Amino acid sequence: MLSIKNLKVSIEDKLILKGLNLEVKEGEIHAIMGPNGTGKSTLAWVIAGRNDFTVEQGEVTYMGKNLLDIPPEARSKEGIFLGFQYPVEIPGVSMTNFMRTAINEKRKHLDLKPLSGAEFLKLMEEKKKLVKIQSKLTDRSVNEGFSGGEKKKNEIFQMALLEPKLAILDETDSGLDIDALKVVANGVNMLRRKDNATIIITHYQRLLDYIIPDFVHVLFDGMIVKSGGKELAFELEEKGYEWIKNKSE
Amino acid sequence: MQNNNNKLIDKFTRDEYKYGFYTDIQTDTASKGLSEDTVRFIWAKKKEPDFMLDFRLKAFRHWQKMKEPTWAHIKYNPIDYQDMIYYAAPRKKPQYENLDQVDPELLETFNKLGIPLEEQKQLAGIAVDAVMDSVSITTTYKKKLAEKGIIFSSFSEALQNHPELVREHIASVVPYTDNFFAALNSAVFSDGSFVYIPKGVKCPIELSTYFRINAANTGQFERTLIVAGEDSYVSYLEGCTAPMRSENQLHAAVVEIIAQKNAEVKYSTVQNWWPGDKKGKGGVFNFVTKRGICKGDNAKISWTQVETGSAITWKYPSLILKGNNTTGEFFSVAVTNNMQQADTGTKMIHLGKNSRSTIISKGISAGNSNNSYRGLVKMSKEAANSRNFSQCDSLLLGNRSGAHTFPYIDVQNKSSVAEHEATTSKISEDQLFYCLQRGIDMENAIGLIVNGYAKDVLNKLPMEFAVEAQNLLSVSLEGSVG
Chain W
1 MLSIKNLKVS IEDKLILKGL NLEVKEGEIH AIMGPNGTGK STLAWVIAGR
51 NDFTVEQGEV TYMGKNLLDI PPEARSKEGI FLGFQYPVEI PGVSMTNFMR
101 TAINEKRKHL DLKPLSGAEF LKLMEEKKKL VKIQSKLTDR SVNEGFSGGE
151 KKKNEIFQMA LLEPKLAILD ETDSGLDIDA LKVVANGVNM LRRKDNATII
201 ITHYQRLLDY IIPDFVHVLF DGMIVKSGGK ELAFELEEKG YEWIKNKSE
Chain R
250 MQNNNNKLID KFTRDEYKYG FYTDIQTDTA SKGLSEDTVR FIWAKKKEPD
300 FMLDFRLKAF RHWQKMKEPT WAHIKYNPID YQDMIYYAAP RKKPQYENLD
350 QVDPELLETF NKLGIPLEEQ KQLAGIAVDA VMDSVSITTT YKKKLAEKGI
400 IFSSFSEALQ NHPELVREHI ASVVPYTDNF FAALNSAVFS DGSFVYIPKG
450 VKCPIELSTY FRINAANTGQ FERTLIVAGE DSYVSYLEGC TAPMRSENQL
500 HAAVVEIIAQ KNAEVKYSTV QNWWPGDKKG KGGVFNFVTK RGICKGDNAK
550 ISWTQVETGS AITWKYPSLI LKGNNTTGEF FSVAVTNNMQ QADTGTKMIH
600 LGKNSRSTII SKGISAGNSN NSYRGLVKMS KEAANSRNFS QCDSLLLGNR
650 SGAHTFPYID VQNKSSVAEH EATTSKISED QLFYCLQRGI DMENAIGLIV
700 NGYAKDVLNK LPMEFAVEAQ NLLSVSLEGS VG
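Protein sequences, first through last, are from chains W and R. Numbering follows our numbering, in which position 103 of the first sequence is assigned residue number 103; successive positions increment by one, without gaps. Numbering follows our numbering, in which position 477 of the second sequence is assigned residue number 726; successive positions increment by one, without gaps.
To be clear, the hints were calculated from the coordinates, so they are not data collected in a lab. Given the structure is predicted, the values throughout are model-derived calculations rather than measurements. Treat the hints with care, as some may be off.
Unchecked claim - Partner residues are not named here, just some residues of chain W that face chain R (Cβ under 7 Å, in silico):
hint	residue
1	L68
2	I70
3	E73
4	K77
5	L82
6	V93
7	A102
Every residue, glycine too, gets a C-beta built ideally from N, C-alpha and C.
Whole structure, please, built from the sequences with the hints as guidance.
Below, the structure is given as structure tokens:
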């Protein structure tokens, strides 16, 4: 589904990703771990298509297409979803209006008829139940005045509505209390299917108590320096990132 | 004496014929330039009552002594008032036979605004099937209104059918001496609308919703007069979301509203005159004087405006809160893009006790445009216990546009309170990327964000207008980012 080969990416002439390789197949959950400032979020943004980065070298193929040639909104419509580390507030724009626009843009792309207001509201209620969000988040403006936990839950709710093929969750677990963490994990598990994939970017092993990854990768200094199964996460938790640092030096 | 005057006027007007001022009776267009002759020509053409000639001439003489105001935050080349035509009968023949002949770009815009096809045809100047013709609808509603004693007609008709009513109220809120453009309008206005709601009557429909197409061809100097009797209610809509091209560069309208005791008037307007090209060439200069008076106790007037068009907008819908316990409201969204300039705002003059006013102004500037809010809140010594709340927000798109706020507050008594809040913000890259990542393209993203920002004001518009106005904001800002 996603294939990244020797990816080198810089921002303002500073090289951040220094030859990164990653293969993600349908049905898989990958966890990318690593200390702060090693390029985890940069990787998420490059896949989603943020344009303040320069791709110096390498290739990114998604569903057989060169992903780097596709504009960000088209990537979304083709099934890529980014759960933001810092979800953005858009005052005055209701969640309902925002997500209905998003869904109908995607449906247009897929040659489907737009959902009517009533159809959309029904879908929204279904998805709320699925990801166990009971609050009135959807009656409010996009992320406006939301607590940290509410914002992250709202990302999972949007993911449920958009049903992505490839979801990247960028530090979705950071700053969450245990209840919110369970909501996020439950959402990911409920939405897991044989034909989609998830990349979880996280600093801590904690989230992986609730979501069992197929692969764990350690990102350090712009490269994936170690890959393994879920046991790698426990090893990291135990030994700390110093262990990797020392190994890679 | 009156008789003598009439004779004199008659003589003068006939004299004009003698000098060949308009030799060809068939032409419906005044010759270029502005003089007392022009004023008389218009008066005669419109077959107005005598008092109007006196009014128009006084206005014209006063105008000659006035200077064009220069205090607004706008720049333009001097206007040559002698190089214009001040009266042309509205075109009646359709310009085209079918939609294929109309500029496709214009049709595209109509579609984006969600204007129904039959209305598109009328707006573009196409002959319309007799069945769909709005005239029949218009007639139905006129009948309904007449049953309640409501007068809703063109200004010219009102001068023919209800001269005393017009005479009593015209220029009572905006005297011709008020300002340069109001004086000019008073001298040469060609037509406009007249509304009279009798005592105790609630107008059953939004006035002008069903008539707006007929209003599409109004002239360059419009005049509107709305009189709401005691305990009455009316909601009036003016303007149109469709882009209005005009052959006239200068537009100077006057709107007067009078609300008697316990009356409520809601006035909503969408202005989308031709703004000129991207370099600012062409484009309408819109110098408008709008003012209302809450004359009796407990009266209420609201202005809601969405301003997206014109090269220059100079407009301050204002209210005089004369009665006790009166309420004044001003809700405004002003969008400027490319080289557009807007200097707009309001004046709230509190004279009555316990009078209340609310001002919500949302400016949006993109391209190389300049957008200014200018407001005055004045509370006289007599206006004890009055309150004002003002909120003036500016939203900037890109790095080349300007937003300015000029609030003036003058409170002359100790028991009144005026509050003013102002913010300036930008659409951030993060907000745009968030939308893009959800599959919403740049154009839609800006539309969403801007409509969210202006929601408080758009919510005040009547429903059918609000949807079109939302689309209008998006369309006006097309191509402004990225």
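Evaluation of the provided hints:
no., hint, result
1, L68, "violated, 15 Å"
2, I70, "violated, 12 Å"
3, E73, "holds, 5 Å"
4, K77, "holds, 5 Å"
5, L82, "holds, 5 Å"
6, V93, "holds, 4 Å"
7, A102, "holds, 4 Å"
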